[in-house]
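K.L.:
What follows is each chain in one-letter form.
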Amino acid sequence: AQSVTQLDSQVPVFEEAPVELRCNYSSSVSVYLFWYVQYPNQGLQLLLKYLSGSTLVESINGFEAEFNKSQTSFHLRKPSVHISDTAEYFCAVKNSGYALNFGKGTSLLVTP
Amino acid sequence: NAGVTQTPKFQVLKTGQSMTLQCAQDMNHNSMYWYRQDPGMGLRLIYYSASEGTTDKGEVPNGYNVSRLNKREFSLRLESAAPSQTSVYFCASSGAGGAQFFGPGTRLTVL
Chain S
699 AQSVTQLDSQ VPVFEEAPVE LRCNYSSSVS VYLFWYVQYP NQGLQLLLKY LSGSTLVESI
759 NGFEAEFNKS QTSFHLRKPS VHISDTAEYF CAVKNSGYAL NFGKGTSLLV TP
Chain W
1393 NAGVTQTPKF QVLKTGQSMT LQCAQDMNHN SMYWYRQDPG MGLRLIYYSA SEGTTDKGEV
1453 PNGYNVSRLN KREFSLRLES AAPSQTSVYF CASSGAGGAQ FFGPGTRLTV L
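Protein sequences appear in the order of chains S and W. Letter 50 of the first sequence, counting from 1, is numbered 748 in the working numbering, and no numbers are missing. Letter 73 of the second sequence, counting from 1, is numbered 1465 in the working numbering, and no numbers are missing.
Mixed in with the good hints, there may be bad ones.
One side only, chain W facing chain S, incomplete, derived with CB under 8 Å [as the list claims (entries may be wrong)]:
1. 1400
2. 1402
3. 1423
4. 1425
5. 1432
6. 1433
7. 1435
8. 1437
9. 1440
10. 1442
11. 1447
12. 1450
13. 1456
14. 1489
15. 1491
16. 1495
In silico DSS-like pairs for lysine-lysine, Cα to Cα no more than 25 Å straight-line [stated by the list, open to error]:
17. 747(S) / 767(S)
18. 1463(W) / 1406(W)
19. 802(S) / 747(S)
20. 1463(W) / 802(S)
21. 1401(W) / 802(S)
22. 802(S) / 767(S)
Quick list of simulated restraints, FRET-style, between CB atoms [unchecked claim]:
23. 725(S) / 1457(W): 45 to 51 Å
24. 737(S) / 1433(W): 36 to 42 Å
25. 764(S) / 1461(W): 40 to 46 Å
26. 780(S) / 1433(W): 25 to 31 Å
27. 724(S) / 1407(W): 20 to 26 Å
28. 701(S) / 1412(W): 28 to 34 Å
29. 1394(W) / 705(S): 33 to 39 Å
30. 760(S) / 1432(W): 26 to 32 Å
31. 707(S) / 1455(W): 24 to 30 Å
32. 1446(W) / 715(S): 44 to 50 Å
33. 782(S) / 1401(W): 21 to 27 Å
34. 1410(W) / 769(S): 27 to 33 Å
35. 767(S) / 1436(W): 41 to 47 Å
It is worth saying that the hints were derived from the structure and are not from the lab. Backbone N, C-alpha and C define an ideal beta-carbon position, used for all residues, glycine too.
I would like the entire structure built from these sequences, with the hints used as guidance.
P.N.:
This is the structure we're talking about:
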């Protein structure tokens, strides 16, 4: 089964600075890739997904992620973060089965 | 649409007690899932149901049972709760494409 590695457990960043949250998965076979965000004491919300087609996918709140098959990566980026982006971010992969395999999460802390 | 709903939101049990966590979705999804979330562990799959009438074990099924009551509802039962089952439990559902949609979670403490 596919596994997911989120390379940073915590990422502190100043407001309006750019940020990249890194995600690598274990194999280059066909996969579906997802980023989820979890705000404190809430469930996970789908941020964006890659199923096929364009390797750059975008969310409605300014995040984007690029699928890189050769590097088996799906890093999440935002050019300018806000205080409200403070949350836990999870990368997930799905291959032929039904379930998703989640990374352990990256805590993004945005400070003024 | 309410999406995925879970009850209760909070629960405290004593060791050995039993309880059932309820989950319902109104998105007409075929597949439903139960996860637990523990600090530093991410989400781990307990059980899933690919379609009505089927259930399968996930990564950490020991100590749990599930019932897919109908297409909308998927319950998780702890027959004899243990402190190691203290966790936050999330239910999710998915349709075509594989993206899963999550409920708000149940915070369970076992004393």
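K.L.:
Next, verify each hint and record whether it holds.
P.N.:
Here is what the structure says about each hint:
| no. | hint | verdict |
| --- | --- | --- |
| 1 | 1400 | violated (15 Å) |
| 2 | 1402 | violated (11 Å) |
| 3 | 1423 | holds (5 Å) |
| 4 | 1425 | holds (6 Å) |
| 5 | 1432 | holds (6 Å) |
| 6 | 1433 | holds (7 Å) |
| 7 | 1435 | holds (4 Å) |
| 8 | 1437 | holds (5 Å) |
| 9 | 1440 | holds (6 Å) |
| 10 | 1442 | holds (5 Å) |
| 11 | 1447 | violated (11 Å) |
| 12 | 1450 | holds (6 Å) |
| 13 | 1456 | violated (15 Å) |
| 14 | 1489 | holds (6 Å) |
| 15 | 1491 | holds (5 Å) |
| 16 | 1495 | holds (6 Å) |
| 17 | 747(S) / 767(S) | holds (15 Å) |
| 18 | 1463(W) / 1406(W) | violated (32 Å) |
| 19 | 802(S) / 747(S) | holds (18 Å) |
| 20 | 1463(W) / 802(S) | violated (30 Å) |
| 21 | 1401(W) / 802(S) | holds (23 Å) |
| 22 | 802(S) / 767(S) | holds (21 Å) |
| 23 | 725(S) / 1457(W): 45 to 51 Å | violated (32 Å) |
| 24 | 737(S) / 1433(W): 36 to 42 Å | violated (19 Å) |
| 25 | 764(S) / 1461(W): 40 to 46 Å | holds (41 Å) |
| 26 | 780(S) / 1433(W): 25 to 31 Å | holds (28 Å) |
| 27 | 724(S) / 1407(W): 20 to 26 Å | violated (38 Å) |
| 28 | 701(S) / 1412(W): 28 to 34 Å | holds (31 Å) |
| 29 | 1394(W) / 705(S): 33 to 39 Å | holds (36 Å) |
| 30 | 760(S) / 1432(W): 26 to 32 Å | holds (28 Å) |
| 31 | 707(S) / 1455(W): 24 to 30 Å | holds (28 Å) |
| 32 | 1446(W) / 715(S): 44 to 50 Å | holds (47 Å) |
| 33 | 782(S) / 1401(W): 21 to 27 Å | holds (23 Å) |
| 34 | 1410(W) / 769(S): 27 to 33 Å | violated (48 Å) |
| 35 | 767(S) / 1436(W): 41 to 47 Å | violated (27 Å) |
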